[in-house]
Structures are given as C-alpha cells and as structure tokens.
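Given the coordinates of chain V, assemble chain A onto it according to the supplied hints.
These protein sequence lines are chains V and A, in that order. In terms of UniProt numbering, the first sequence opens at residue 1 and continues consecutively. In terms of UniProt numbering, the second sequence opens at residue 1 and continues consecutively.
FYI, nobody ran anything at the bench for these hints, they're computed from the structure. Please note: incorrect hints may appear among the correct ones.
You can't tell identical chains apart in this list, so a pair holds if it fits in one copy or across any two.
DSBU-like mimics (lysine-lysine), calculated; alpha carbons at most 35 angstroms apart, straight line [unchecked claim]: (1) Lys59 with Lys106; (2) Lys390 with Lys163; (3) Lys163 with Lys437; (4) Lys191 with Lys390.
All figures in this text were calculated on a predicted structure; none of them were measured in a lab.
Number of protein chains: 2
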Amino acid sequence: MPSILIDETHDPARESWVESANGHGDFPIQNLPLGVFSRGGDAPRGGVAIGDMILDLGKLALSGLLKGPAADAAEAAAAPSLNAMLALGAEPRRALRRCISALLAKDAPERAQVEPMLVPMAEVQMHLPAHVSDYTDFYVGIHHATNIGSLFRPDNPLLPNYKHVPIGYHGRASTIRPTGAEVIRPQGQTKAPTADAPSFGPIAKLDYELELGVWMATGNDLGTRIPIGEALDHVAGLTLLNDWSARDIQAWEYQPLGPFLAKNFLTTVSPWLITLEALAPFRRAQPPRPEGDPQPLPYLWDEADLREGAFSLDLEVYLSSAAMREKHIAPMRLSHGPASNMYWTIAQMVAHHASNGCQMQTGDLLGSGTISGPEHGSQGSLMEITRNGKDAVELPTGETRTFLEDGDELSLAGRFTADGAVSIGFGQCTGVVAPAKV
Amino acid sequence: MPSILIDETHDPARESWVESANGHGDFPIQNLPLGVFSRGGDAPRGGVAIGDMILDLGKLALSGLLKGPAADAAEAAAAPSLNAMLALGAEPRRALRRCISALLAKDAPERAQVEPMLVPMAEVQMHLPAHVSDYTDFYVGIHHATNIGSLFRPDNPLLPNYKHVPIGYHGRASTIRPTGAEVIRPQGQTKAPTADAPSFGPIAKLDYELELGVWMATGNDLGTRIPIGEALDHVAGLTLLNDWSARDIQAWEYQPLGPFLAKNFLTTVSPWLITLEALAPFRRAQPPRPEGDPQPLPYLWDEADLREGAFSLDLEVYLSSAAMREKHIAPMRLSHGPASNMYWTIAQMVAHHASNGCQMQTGDLLGSGTISGPEHGSQGSLMEITRNGKDAVELPTGETRTFLEDGDELSLAGRFTADGAVSIGFGQCTGVVAPAKV
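Extracted from the complex, chain V is given alone in its bound form:
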C-alpha cells in the first residue's frame, strides 16, 4: 500500500474545460505543475500549467475563490519566485492543487471567473520556479558512473565507495537557467594527453548530461539531520536537468577536488516543477540491488522508500543540428531509457546530504547525476555514446557528431506513465549551442 495520497486530482476520467489540456502530453489536468512566468514587461509571478495555457496564481490569489491553506499558497506564489510558497510545506501545496483541479475541471461552475486568469504559454517567458539556494549534483546513475569511470580510470571504473555512499558534489547556483537559455560554448584551459603543455581557448568536447532535478521545499536546522523516512516531506517535486559539461576541461582539472569549470558554465532545467503530489500514481518500488551488493547503512535504509522511492519515468534525448532544422528534419533521438537506473533514491540523496548536519533550504536544487542505461542507446551523455569521441554518431543529414557543435539543439524529455493513470511530462528542457565569445 503506497503511503502517498492518490485522490480525485489523479482521476483519469477528469478532463478540463481548457480543451488543450485534454490529451496533452505534458500538462493534462492531472499534472498541474508550478512555474514562474512573465508576459511583456509584467513582473514574474507563479503560475500553473494547464494544456497550452498558464493559470496566473497572482490573479487567482486575488480572486476570492480560495480559502485557508490553498489561499495562503496562492498568495505566496504571487511573487517572482516560488520560494515563499514552497517554504509553506506540503499541505498548502496540496490544498492549492485540489482547489485548482476542481476549478479547471470540466463543468466547474467557476469557469467564467477563472478563464480570464489564463495566459497562453506561447506568449510568456518562463523563469526559474525558485531562487536556487544551493545546487548539489549527485552521481546516482550507476551505469553512467561505470561508463564514465571506465573512460577516466579504465582500471578502476566504479570506486569502492560507490555502493555505500550516494556520491555528490556541490555545483554552481548562479548559472542555472530555465529551458531556452543559449549554451555559449565555454573557453577553458585544457591539455590533450599528447600535448606538452595546456592551452586556453574554446573547448572542443561540449557535452550534455541527462539528469533529474529535485527541488527542495523545506530544509533543516544546521547541525540536525533529516531522517530518511521524512526526506520526501522536504521535497517539492522534480524537473529535468541538463548538466552541460566540457569534457576536455574536466579531464584536465578534476583531480583532486572534482569537476569545477567543466560544469559550472550553465545548467539548464525544465521550468515546470512537477509536484510530488502529481507524481503519486507513478511511484514504484526501487529496483532490488544486484545480488551481493551491500545493504545501505540504517541512515539510508527505509522500507517505505524501497517500496515507492522510484518513479515510472521514461527519459529521452534529442539532437538536431542547424542543418537538420533548416531542412525541417525532425530531431534525432540520441538515447532513451527508464529512470530506474538510479542506484540511490531521492530520499536517500536528501537523507545523506543532511546526515552530517548540513543545512538544506527551500530552493535547494539537487541533480541526480547522469541517468544512463546499461546498453547502447540508453546512455545519457555523448561522452558515453561516442566513447569519448571514438565512435561518431551519424545524423540524418550525413553530418557526424562526437560532441556538440555550434548550432546544435539538444533537448531532454521525460514522461511518467502508469496503468490506470493519465501520463504526464515535464515540458521543454532545451538549449542551442552558440559559438564561444572569444
């Protein structure tokens, strides 16, 4: 029995009077993700995606249609970031979801009042849903860790700590951007293994990394822990995350303190926060650890988390070159696979992060690390697909790619599916590579 509430907001029979929502791949009425948008010169404010429209939470807060915790949540969301709303915790967020689901449902008597609060998605600019307090990137994709490890350390791909510790490191908060941000090719100091000395210039090995992002709703006091059984109570929801990477910088700089300039020039997220409430039907048992793997230590072990700590989520990556777009050739799928290739659950990531008393905060963003499958076609980075440039990928135009070229558009996509539930998605997580600013 999952402990997660599946309620009328997940009813697969529920449709919306917003016609574009019915059958929408990402944003049917069962999703109702949270974001921050602006239109024209307006101040950014919270909104909820419904089909190809956005419900303006600023207007909803002023409408008098909400009461109690739902009204508190909408009022807090009428701001340039959702931090204040997320800080309220799960109950007001859930109350707001239930109210909005009812207001947008077919035959809702409030339709005439709500309709003027809708804004076409095509007319807005999306912002980050929250101010990022701190950004941490984990490394829970075990096949990625093995694949990358074998390229950087052929003799020693998966280190002895990997199956005991949810490995993570701190990333850069200032360079996280919503979908659509230009991916300016970074410059950097690199040294080819055969070169006598390093040099500085535009990098050659620009890569992407397919990741899940986790937005934190609430934190903990400095010096206290977050027990694993309570970890998901602190999580607001999920996003797609592209951890753009400069592999040639990474190879030269990463010892002994880890990736730095190889990763901090840009991180792109999908701008809609898919709430844990919306994900209730898609929770799954964490796949059992392979025979012989160690059992996690008690601070990382929770029976309920094992039963429902994973998600039924399929992930995809698409590439289109400038030439492909010019010739109206559809983007080419570089990889696809399930998110079940995560060795550690989100709850384990959170509990581990706070296990030393590290203070987590509203607006913290956690990346999963690259999610790759074990077989070809399911790897979450070009580094893995091309084996660090050895095996070029051929595009429909006959062009080839080992790493990303200027003009390439790279998109992540994710879709939650489950029997008896309406599928939902993240929306866009895309970037086009621009030449270095030399």
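Same frame as chain V, but now just chain A:
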C-alpha cells in the same frame, strides 16, 4: 609604482576621537572594515568597526552628513546584508571610506553628531556581511596541497595540473556562519582502511583549515569573462575563513567528485570585511615562482598582479581546550606563517573562475584553500601538523590532540603589517566544538 590608491585614510599619523581605536590591533582608523550587526531585537544593518565600537551606517545614512556616492553607499548599507552596497562597486565604497575616516578623525568637527551613532561592539551580535550567493573554495596553498597530497596519495602528492590551473571546487553557501557559531561535531559515513565495511556515527577526525576568504563586490554576465587585469575591481575585500573538515568522511567520500559532506557542515568567517582600500599599503609582489615552474597562461598572467597581487599578512591559529580555559591558561599557538605561501593570487582565482563564462555575483565568497608554510609550525590544519593523527600535539595541560575534541576552541588570526603603515587585522574567527547531536 603600485596602481592602488594610498591616500589620507592610510596616514599613519591619523588618530581617532574614538580612543579605543588608537593602537587597536585590528580596527584602528586606518582599517574601517564593513560588517552587519544587530543589537537586541533590532534589524541587522551595516556598520563600520572603529576600535571597540561600531559606527551604525543606518544612522549615518540618515544624518545628512554624507553627499553623493558616499551617501548612496551608506544608504545601501542600511540593510540586513551589504549586497546592495557591494554591488555599487568600488567608487562609492571608497567615497564612504574617505568620509568616515574624516568623520572619525581626531578633531573632526562633526564628532558630536557622529558620537551617538556608535554602538559598543560588546553589545552586538555580528552577522555575515553579505548574503553568500555562491561559495567556491580554491586550493592555492601549495605547501598544503603537497602535504595533504602526500597523505592521501603518497606516490603522487602534487598533481600535474596544479602549477597550471588554480584548482578550486564549489562549496556549500548555506552553512557559512560568522565567528562564534557552534561547531557541532558532524556525524557521517566513514570507513577505516582496515574495516570491512563503512559505519555511521560521530566523526573522529574533526579538523580546521586556515584560509583567506574573498568577498566579491560585482560580477560578470553569463558567458563573458573577467580579464585578469580587471579582476580586483570586482573584489570587495578579505576575511578569515575556517573550512572545518571531517577528515575521516573526506578520505572515504572524496573520490571521484571531491569533498562534499567532509566540508559542508560549517564554514566560519570573521564577520568584518577588510576592504581592498584598507589593504592598499599591504600589497606586495607575488613571490617569484620556483625555477622551472611553468609560466601561467596569458589569461592568468598580468604584470601588475605580479607586482602587487600578494599581501603582507601574517596568519596564526590558536587552540584552547575546555580544561585550558577552565584553568585560565592562554590559548596555545598551533601555527603561524605568512600568507605568501599562496601559489595563485586572488586576481588569478577570480579570472580563472570566470574564464569559462561562469557568472560571478555580488556576495560570492571565495576561499583560498588552506595556507600552510613549508616547515613544521606553519601548517594550516591538524591533518598536516599531526600527519593524519600520527604525531599528537601536547597542550600546556598535558592533554594531547591529534584532531579536535569536544570543548576545544579554535581561533584564526591575521595581521597586515608594512613599514610606514599602521597594522590592521580581521577581528575574531573562532569556534568551539560541541558534541554531535546523535
């Protein structure tokens, strides 16, 4: 000829009508560092240290005594953080310094107006001077890198990239605290080399790291660089920084992505930002690189930076156990040495950080990494002093220490000295170790 302005604010003959400032070890009228304080239930606001008093910038801003850029700076500083003031850049900060120096100088005609704006330091609570946007820790102490490297990698202490790349990594912004914050012993997952499996509990190897901190005043746009010749224009000033470290967590977790929970449970800074203006008399030539070391690449090379990119600064570390304090035994000096053991300058750190287009922001904090000297008695961490616990330090009570014990008080101190200049210091950077919260 240094390019830095030495003006009347540095005049060694200038004294203050605030008597405690004259001869004060840290805060004579030549220093005038910036901080944020609160008294009782008041809202935190900006202040300037003068002797054992603080000049309330909120009151000064309202006084009508300032005009133009100095008034703008004071007004921006009348806030719970100095971010808005720092974002104004160097000129308003310098103008404010000149005005305050004149207002506090002996025989200033405004004394009667200014005196009511003073608050005794003993009555206030100090806060961080700025909201930390992102925190990055470098590794520029070459002797530390060698010492630590030889403990973690005896065969390979200093990696091939070290003399080419100012190695750095991202740290945790949420756990940076001003002096006096309790150092709660972290718990964590550790594995002794001889143990079959890891375990979780209060850590045994709690250590400090003696570092300089750099507060950024202004940043750059995403995708653009900060030329090394302009790097210090973006810097507000310096602080002491203690990068508390859990060596047993570090040894088990740090491969392959660097330190994470070993470092992010607490970072303590001295609460006064010593401005670059105050430091003008103490700038020195960067010590020449040893014969045979590579010349930095052009993006890290600036003649002016070599001439004046270092500081004439002596650093010290003091330890006192609970028993020592009980017996009124003075703290024991664990180490002392010059800050000239930095292989890279602050300008090189900043230019490197932004070299890939990473966006720097007002309120970014950069740590230098541990500053150790080459000889015994000058190492900036217990890991080095005790060779990872092999050689215990004996305290005046007969107690011994390999790492920090509960009740230990650890303090950093730093003092800028130069011929013909009045010495200045940072003030306190202290923490007392408290037992783990199990």
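Against the structure, the hints come out as follows:
For a Cα distance limit of 35 angstroms, the shortest separation of Lys59 from Lys106 inside one copy, 20 angstroms, qualifies, whereas the shortest one across copies, 59 angstroms, does not. In this assembly of identical chains, Lys390 and Lys163 lie within 35 angstroms of each other by CA distance both inside one copy and across copies; the values are 29 angstroms within and 30 angstroms between. In the homo-oligomer, the alpha carbons of Lys163 and Lys437 lie at most 35 angstroms apart only across protomers (26 angstroms), although the nearest pairing inside one protomer, at 41 angstroms, exceeds that limit. In this assembly of identical chains, the alpha carbons of Lys191 and Lys390 lie at most 35 angstroms apart only when taken from the same copy (18 angstroms versus 38 angstroms across copies).
Figure legend: structure checked against the earlier numbered hints; every hint is met.
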